[in-house]
Structures are given as C-alpha cells and as structure tokens.
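Colleague: Keeping the supplied structure of chain A fixed, place chain B upon it in accordance with the hints.
So the sequences go chain by chain: A and B. Be aware that the first sequence starts at 1, since it is given in the working numbering, and climbs by one per residue. Be aware that the second sequence starts at 1, since it is given in the working numbering, and climbs by one per residue.
If you are wondering where the hints come from, they were derived from the structure by calculation, not from laboratory data. Here the structure is a predicted model, which means the values were calculated and not measured. One or more hints might be untrue.
As the list claims (entries may be wrong) - Restraint-style ranges between C-beta atoms, simulated for each label pair:
#1 B:GLU30 - A:MET1: 29 to 37 Å
#2 A:LEU98 - B:GLY138: 38 to 46 Å
#3 A:VAL61 - B:VAL115: 14 to 22 Å
#4 A:GLN121 - B:ARG101: 20 to 28 Å
Each residue gets a CB set at the ideal place from its N, CA and C atoms; glycine is no exception.
If you want the building blocks of each chain, they are given just below.
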Amino acid sequence: MALELLVVDDSPVTRKMVRRAIGLCGLSVGEILEAGDGAEALTKLAQRKVDLVLADVNMPVMNGVELVERMARDPALAEIPVVIVATPMSEERVERLLDVGARAYIAKPFRPESLREVLIQILGNKGVADA
Amino acid sequence: MPEASPELLSGILTGVLEDAAFLFTEPIEEPVAWDGPVVAAKLAFESTQGGTLRLLGSEAASVELAANMLGVEPSDPEAGAQGRAAFAEILNMIGGTFITRFFGTQVPSQLGLPVLEPPGIPSPGPRTCAVAVQTEGGARLLLELDLEKR
Numbered sequence: 001m002a003l004e005l006l007v008v009d010d011s012p013v014t015r016k017m018v019r020r021a022i023g024l025c026g027l028s029v030g031e032i033l034e035a036g037d038g039a040e041a042l043t044k045l046a047q048r049k050v051d052l053v054l055a056d057v058n059m060p061v062m063n064g065v066e067l068v069e070r071m072a073r074d075p076a077l078a079e080i081p082v083v084i085v086a087t088p089m090s091e092e093r094v095e096r097l098l099d100v101g102a103r104a105y106i107a108k109p110f111r112p113e114s115l116r117e118v119l120i121q122i123l124g125n126k127g128v129a130d131a
Numbered sequence: 001m002p003e004a005s006p007e008l009l010s011g012i013l014t015g016v017l018e019d020a021a022f023l024f025t026e027p028i029e030e031p032v033a034w035d036g037p038v039v040a041a042k043l044a045f046e047s048t049q050g051g052t053l054r055l056l057g058s059e060a061a062s063v064e065l066a067a068n069m070l071g072v073e074p075s076d077p078e079a080g081a082q083g084r085a086a087f088a089e090i091l092n093m094i095g096g097t098f099i100t101r102f103f104g105t106q107v108p109s110q111l112g113l114p115v116l117e118p119p120g121i122p123s124p125g126p127r128t129c130a131v132a133v134q135t136e137g138g139a140r141l142l143l144e145l146d147l148e149k150r
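Same shape as in the complex, but just chain A (with noise of 0.2 Å):
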C-alpha cells in the first residue's frame, strides 16, 4: 500500500528536497501533502489523514514542537506518527522533541537511506511491498 505524508516546512525548496528524498528512498510513495507551518499542517490533518508527518522544529506561526505536542493531544490525530526533519541540533532539544512525542528525528541534510531505514522502523513494510 502506497504512502501518503505531508511535509511540513516553512521553506518551499526544503519541502521540494524533502519530497525529493522521499523519491529516491525506494518506498511506495502516493500522495505527498504539504504544509507551510503546523496551524497550516493540522487544517490539511483535519481534512485528510495520512501515515506520517515529516516536520520541521523553526516555523513562523505555529513551531513544530507545539505541532507535535498537539497532535498527541487530539485523539483523532494522536496515531499520526511525527519525524522532526531539523538542522541539526543539542541533545537536550532532541530529547524534549521526543518527550512531547515526536517519533525520531532526522537532521538536515540528509541521504534518502536514512529517510527508508526511519520510515520502516515506524511503519513496518508499510510502503516497501508495493516499491
């Protein structure tokens, strides 16, 4: 079954290398939803669900900490698994992206293998059987 996600970013080209990346990373890939911020992710989160949430930290609006900390609190979104896409940062940040429930974290810039392996670690061979 193929995957649907949305990429969160502030910066256009950042989301356009995101879905690059996931292009590339050999996975079965359907529709690829984008947001500028979190308050613009949790309106297309509202109207359409997908399998995961690839999102920045630094987003004018509404930050991607404060996204993932309302996802988890909306029960009809709280399934939703979210990897932080960030440049790289301390650990103390890392552990409170987690804390608020983030899944993992992957720092910019990265390989489309590192996207696969993190994809398939939280979701399975969701998207590898059809690739």
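Modeller: Leaving out everything else, chain B in the frame of chain A:
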C-alpha cells in the same frame, strides 16, 4: 572542541553540499575571483562562544544549488527563482552542522536565521578562517567563519 580551521569548514561545506544538493566540489585557492554578481548570506550562532558564518557564491552557484535541491535543470525558471532561498537553506544546514560538530551536542546552542545580503560584489568579512570550493560545473562558493573572542 575541535580547532576552528579551514579543514573543519571544508568537511562541513562539502558534506552539506553533497547530501543536500548532490553537488561535488573541489577546494580552490583564495581570494576567489568572482566573475559576476555574488549572493551572500550570514548566519549568527550562540553557544559557549558566539559568532557568524557567512556563505558567498556566484549567482550561478545559487542557481545550481537550487536546481539540484529541487531536482530540476539549472535552466528551469524555478531554479533561478529559488536560488537565493536555496542558498539561505544551505547556510542554515551548514550552521546546524557547524554548531553540533564544533561545540558538541551536550551544550545548548542557538542558531539565528539566515540573512541574505543585497546583491552585488561583497567586501570580505571578518574571519577566523575560511574555505573556498568550486563545483564540477565551475560555480564557486566561499564559507567564512568569524568566532567572537571571549
């Protein structure tokens, strides 16, 4: 903490360019001879020591970066339109890699936001060290580090 050296900067710059933009480079001598308008961006950081990273490149370099990050040809209008944004994003990744590699991940570090300078021929900035590279396509990039003395 490693020494703030051209070798450290070179490893960070080439690694980020390879992973983010699939761009392979080779070192070139300074001063860099710019053959046209230059794109420049600055990024402040703060940790146990503060400072600034500054990335400079030819316009051709910014277009090449954007094209590779977006997966389009350099002649694609989108690559030209996103060149400066791509340049800022690359500097952001360089900044994050620098602070975790230089200061380590055990201490709190903070990155500012990349600030693009007005287009033109920029004057050299204050620097602790710098490294210059050239892409396979001939585009040139210069990364400067200015560490505050404390």
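Colleague: Run the structure past the numbered hints and jot down the numbers of the failing ones, going up.
Modeller: 1
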